[in-house]
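One letter stands for each residue in the lines below.
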Amino acid sequence: MSLPADIAANPKLSTWFALEADGRVVFRTGKVELGQGAVTAIAALAAAELTIQPEALTVVAGDTRSGPDEGLTASSLSIEQGGAAARHAAGVLRERLAEAAARRLGVPVAALHLADGRFSVSGQNLSLGFSDLAGDLDMEADMRRLPVPEPVSDWAQAVPLRRRDLPARLSGPAFVHDLVRHDMRHGRVLRPPHPGAVLEAADRAALAALPGVDTVVIDGGFVGIVAADEYTADRAASAGERHLRWRLARRLPPCEPDQAWLEDVAPHLVETLLDEADAGVSLSAPDLAATFARPFIAHAAIAPSCAVAEWQDNRLTVWAHSQGPFLLAGALARALDLPEEAVAVVHSPGAGAYGHNGADDVALDAALLARAAGAPVMVRWSRRDEMVWAPRGPAMRIRLAAKLDHETGRIAAWSSEVFSPPHLGRPQRGLAAPGVDLLAAWSRARPVPPAPPRSLPGPGTGDRNAIPGYAVGARRIRHHLLPQGTLRTSALRALGAHANVFAIEGFMDELAALAGADPLEFRLRHLDDDRGRGILEIAAGAAGWDGRPAGGDGHGMGIGYARYKNTGAWCAVVAEVVVETEVRLIRLVAAVDCGAVVHRDGALNQIEGGVLQAASWTLLESLSWDADGVIGTGWDSYPVLGFAKVPAVDVHLAHRPASAPLGAGECATGPTTAAIANAAAAALGVRLRRLPLTPSGLRAAIDEI
Amino acid sequence: MTPRPPIPLALQVNGRWISVTVAQGTPLLAALRAAGLTGTRFGCGEGHCGVCTVLVNGRPVASCTLATEQVGSAEITTIEGLGSADVAGPVQSAFLDHQAAQCGYCINGIIVALTGLLARRPRPDRAEILAWLDERHICRCGAHLRILRAVDALLAGDASPAAGMAGPGQ
Ligand code: FES
Ligand code: FES
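Line by line, the protein sequences give chains A and B.
One point on numbering: in this note's numbering, the residue at position 217 of the first sequence is 217, and numbering is uninterrupted.
One point on numbering: in this note's numbering, the residue at position 87 of the second sequence is 87, and numbering is uninterrupted.
Mixed in with the good hints there might be a few duds.
To be verified - Cut-off 20 angstroms, straight-line C-alpha distance, at most; resulting in silico cross-link-like pairs (SDA-like, lysine to any residue):
(1) K645/A to W132/B
(2) K645/A to I129/B
(3) K645/A to A131/B
(4) K645/A to E135/B
(5) K645/A to D152/B
(6) K645/A to E582/A
(7) K645/A to R149/B
(8) K645/A to L130/B
(9) K645/A to L148/B
(10) K645/A to E128/B
(11) K645/A to R136/B
(12) K645/A to A127/B
(13) K645/A to E704/A
(14) K645/A to D125/B
(15) K645/A to H48/B
In short, the hints are calculated from the structure, not lab data.
Remember, it's a predicted structure, so these values are computed and weren't measured experimentally.
Please model the complete structure; the sequences and the hints are all you need to start from.
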């Protein structure tokens, strides 16, 4: 086992663990709890290496004041990275404790027996607990210089785990929204109603005269008010709107399901991911070409973004539900011209995060208003702020073409052209150019613009899963990374993998039809990857693929498959639908191979959630606006999957205790959407290449033939 | 706009009288949260999402669209009246048994609504509960399957929903 990257970056043992005098073992992780159960699983891994119960650990997650910097809790890497680091640090602690115990007991380490957090020697009555040994340990030890500990526990945890955070969440205060600081006040930012609008004038005196308003901030185009309580602040914010004048500076793109406008935008860069010999020649006359598209998709978190900020002698503390507390702290320092060490970010839970939502932005809002108010301030966005101002998952357009070898029935050449605005607009490290990815920073009197878009090294954004996981002959794959537009975009669950998998899997069905092959058999024909084949077979078997309806009569089954990021978890989904005026889900069968499963119920929960959220995107979701560019802001204008439309869902997990764990939260989105679209296409006898599959979307697809 | 002075009101919450001083029109949700009962949450403020649900005389109601002064002497039950992190009430227990949550932000409203619906009749009707949840509650995380498993366990009598519930309706 080598040194985990998060340990190399945070090498001191004391960053991860503290042994308190009262016997408590404090464990700190840089990963945060977003509702996915990650912290429960990571703490359990640490506890197992210490031979203690998970409940015996006091856990601190995502606190820049004391814990390790583990970057983001994202990309399905929480367990893989955060778990590996926790196991390592716990192993080092255990071995240091063992050395100390051996010294005290006057025996070699090998003679010690460790169980339930106590060291003993057989035949002796003496035993020592961790707290007895606390004083003997050098917690400042550098783990890079210590031997790599041999794990004493398995990745796959034997005990069923219950989420440690749930009892509090299901009974009382648990979220940043519920935080109370002494003398805390409530702030609201008055943002324009249109994402392309800029402030022209604000009547400061009128805002200050609003009932209950005690502080007004007008800093360029950033306008905020502060009041004593939430309701007074809400009322003042809506009454204050008429004291502001906006001007439309930038228009929104056309709101059309084919997303053809994306091809008219001058790209920020065009990346050639693959251009294999012969691809050009074979594809000059493809046998099949099709274009797929998905719309902008909102996070639409159940709770508005919220943060609390408190200043003390030019030092700032922020409680935020950010996915990256350290990255946020850095961005806040840059935005506020503070040294990094003057900013602390403490993770405090928010509603489910499926990517980069408004959590970071609202933190700067709170910091600016708290500084002006001279008191701690909580800022809570409105639903309109969420829909208009939070970053959203980008619209994408994907042009595919392929050549079939008619003799072998195999694909001989494949090309993908992926057009996508950025999927990364969050505070980042190591920026190529300076910038601050926090909304308020851009409109202040002294604006700091966002950093220019960049792609992660390797398939990371719009190009995530752009390369098919199948053996498809000569490949030409290009990613047209577009600049940020009026509709700000950033990470949403699975990033570009969602649309790419939807497109590839739809196209595989079309090619299978052209080759006269069964969709499942056609996929297996092109799949060399044993674990991928295995997971496809599990899903197909569990769904009874052989006995599926013939299709074309309103009842269909469809399949979707991908290995997430081509390096992560394998997932296959089979959908069964009935299509009348709308697509009705009958059942979804998902099979996932995510390696060793640390927290089985947590993995199932993530997969179920991923499947249902993707079903919601597929059937219902598309951010829309009218001719004036006004975005619908309520749940009535952005419906999501409700209880009555939830189908039966079966999730099958492959058993791989000996493999490394892989995240499970994102792998199902693309396969689920693809399976539903393929099932609906089978039911209708019409290809469906544009999302969402609303009644009007279905009608448009039928009209096109 | 001339501000109307805040008015003192007495509310009967979880079997106790509490006094709140609120501006006229203040939603019950804001009054409850200001009184420290923050287990009732703000989601949309528009009556669409259900996260702010409380029981008013045993009936589930969105507290974000109900003016505090209209509550009068009705009995209000919030999530705090149903159990705590240490001692979970029966509906909470069913949710914990089925780990029926992801972020959990939507769940308190659903637990409160279910408590009201399950207590309304001797034999609550699954279809009615499903329709109620569909119309009034949103779960963005996709925890629906687990929530419905908890509902089914409660309907099957694996836990007794009425026992230990504070407030009216039993
Ligand atoms: S907050 Fe009351 S229904 Fe959404
Ligand atoms: S659990 Fe997050 S919204 Fe339902």
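Any of the earlier hints contradicted here, and which numbers?
13
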